[in-house]
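The task is simple: from the sequences and hints, build the whole structure.
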Amino acid sequence: MRLNALLILLVFTSLAINAQDVVFERKNASDTVRPSTGPNRRHYVYPFITAGFIAQPGFDGAKVKMGHLGQWGVGFRYKYKLSRTFALGFDLSYSVSDYELKKDASKAVPDTILYDEQRLIFNNFELGVYFRINFGRRGNILGKYLDLGAYADAVARHTYFTRLTLPENGSALGGSVVKSRSTESNYYQKLNYGIQARIGVNRWAIYGQYRLSDMFYSSYNFQELPRLTLGLQLVLR
Amino acid sequence: MMVSQYKGLKIRACFCLIFLPLFALSAQDLLKYRVFLKDKIATGFDPFSYFDQKAIERRIMQKLPLYDWYDLPVTTEYIDEIAANSTIVKTHSRWLNAVVVMATTEQLAVLGQLPFVTRIEEGKSSVLVSSFDDERPNPVDSNSALSRQITRMGSATFEEKKLNGNGIRIAIFDVGFSGADKHEAFEHLRKANRIVKTWDFVKNKENVWQGGSHGTSVWSCIAGRIDDQWSGMAWDAEFLLARTEIGSREPFSEEENWVAAAEWADKNGADIINSSLGYTDNRYFPEDMDGKTSYITRGANIAAKKGLLIINAAGNEGSDDSWQIIGAPADADSVLSIGGVQVCCDYHISFSSFGPTHDLRLKPNLCAQGHTMCAKPTGTGETDGTSFSSPLVAGFAACAWQAKRGLTNMELFKALEKCGSLYPYYDYAHGYGIPSAERFLDDGKKEPEKTFTIEMPLEDLNFNKNEENSYNIVISDKYFTSEPPDKSQLLYYSILDNAGKIKSFYVIEVTEKTPLTLMKYEFYNKRLRFYYKGYMEEINPGL
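Chains as they are written, first to last, in the numbering used here: chain C, 1 to 237; chain W, 238 to 780.
One or more of the hints may lead you astray.
Straight-line C-alpha distance at most 20 Å; calculated PhoX-like pairs for lysine-lysine [unchecked claim]:
1) C:K27 with W:K763
2) W:K738 with W:K300
3) W:K738 with C:K27
4) W:K641 with C:K27
One side of the interface only, derived from the structure: several residues of chain C facing chain W at Cβ under 7 Å [as the list claims (entries may be wrong)]:
5) E25
6) R26
7) T85
No lab work stands behind these hints: they were computed from the structure. Model, not experiment: these values are computed from the prediction. We put the beta carbon where it would ideally sit given N, CA and C, even for glycine.
And the structure:
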């Protein structure tokens, strides 16, 4: 076992070293060729997380609660640097859009029943493309930038979640909480698209997405859900 | 369909998404530029009225001209014409013969056409995140840190000879010296009127006792007194204190402040500049760390030409994978760059930035303790960072220069390297090691004793993959103790290519008489360099 550990160490350090208590080691870069990858190099791929909120209250029939986490996601982004000022790229992400409908008498999406809590949740795979404008001189960092682009969401799963506390009416079920998750609906479009913009400073960005496509098939005659989402993105490295 | 209600909103939202950011960016129209000028029109410059007496003395002692082209003022007519063609003139530099302006792109085009303008560099005034992070938790015995931070450099030896920085003027550039004007750690300096001048280059006023306490801690590592012990070696030196850093933000103007402060320090007779700051990936690429690209590095090199010894922290990016190397101006060849070592032992402390420069020059040049006890705005405390290694060496350098006042700044630079604990061995984490007062005063006259031998059990030159075909480093009896374990028993070795460039380097704690065995076949076409307790040997296993 000890021999194995030593062998692993030898392979790991690429050195034939015996009986050593190495307290410090350092290998220099093998050459001084400029790398082509990095935050302000030709290519850069970086992971990010997203947290946003629905930025419109909606209209009668599909009013939503504002101020709670309405969208979150995780993905990675590729950037191709065209010049010091311009870049373009794409990102792939998994995101969840969560519309919590208000308990409002006008509610009609996807039904007219008023629950204590009712949420339309969409799990999406998202592809985004963008054109980036960078501002100012900078080192090997993302710096300050404005992204303008478009996105398309493929809805992988839709859930209509409801929660209802039954009234205390003397029955055995009175006062109990009934939760339901319906995933078999077919009133929603499987593909959505829209435009997006980001203003970023290094690891942080404020983003906005505006959905151009309709969320529901027209045949259902549903009020559309709010189209504008605003939020924050954090680059994870 | 009921979506028609969204149409107006849709348009408004699109408008906001696309155009609001552009509105936000309209302030960018006015950008900062550094306008470099072709020449200076001589105007009867009088060095005796411009320079402090100490600055004149420094030039005379180092056989430098009393003034040169760099010292001449920027031509007023040029400044006036640039002012007429820009929005604001922020500052100007004699040394770099440059004027810093805020201008629109239209004004920029006009500036570029002026016959006396050689080139224009874009500056920047945006907010960036500090590249130095000195506050790191590190559970070390504080008494140990304080007692070792100067004694390990041989402070007692300098003390015996009454070398305490007397007659040496040190300029410190930092973010501010909050609390230092009343702090008891500096009482001896205040009583002896050792604070010659102060200037805040950020706010253009004298008061530097605000802005941040980093400078307070740094100063205490040069000349402070903590718990009845000296926390720095140059406690009788004179000081020029300058605020050049803005704080947690790092706009490019800090580099302009630094160069302006260096001119001010030169004018006011400084001998040494300590600057515990550095600029890395927020502004630069690793390939810019070539000793000539950054504005601050160019300024530092000119300061060295004026006879000042520039000492700068290597940086705290050693464990930051996105950078790792020294920052500017520690990349300048005339700047003595200082890395950090552990309190317990003479090897690299994890955060200390590595060399070499992009053009493969040795950096850092020396190192000192990277975890120190120092003054805080109120009281004292421990802190980590090469920001504090640098002033420890600045204090040492002041004492050393006091001892050998006839040295020029670059002769002193070389002498300091030569008195490093590892000299003539060096690597890109420790440079030449920790400066030693004994070695400095000894002047390298003491012949090093052979402390180890390199044995080769089998004289086989065929590089067979045979375990016996190896090099064994065997420590001499006189230099080896097994009980109790001695943390100072460190073997340093480097693997170099045939051109002499270090490819990798190691430090080994010597716990047995043969601490290292290297298989010869691994080092085909390479060279090996070993160092142990003052003795270095290099071998070439063969081509």
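Each hint, compared with the structure:
1. Using a Cα cut-off of 20 Å, the hinted pair K27 (chain C) and K763 (chain W) holds, with the two alpha carbons roughly 14 Å apart.
2. Distance restraint check for K738 (chain W) and K300 (chain W): the Cα-Cα separation of roughly 35 Å exceeds the 20 Å cut-off, and the hinted pair is therefore not satisfied.
3. With a C-alpha separation of about 12 Å, the suggested pair K738 (chain W) and K27 (chain C) falls inside the 20 Å cut-off, and the hint holds.
4. Restraint check for K641 (chain W) and K27 (chain C): not satisfied, since their Cα atoms lie roughly 38 Å apart, outside the 20 Å limit.
5. At about 5 Å, the closest approach between the beta carbon of E25 (chain C) and any beta carbon in chain W falls short of 7 Å, and the interface hint on this residue holds.
6. The interface hint given for R26 (chain C) is met, as the beta carbon of that residue sits about 6 Å from the closest beta carbon of chain W, less than 7 Å.
7. A cut of 7 Å between beta carbons decides the hint on T85 (chain C): the least distance to chain W is about 11 Å, and the hint is violated.
The structure fails hints 2, 4 and 7 (numbered hints given earlier, in ascending order).
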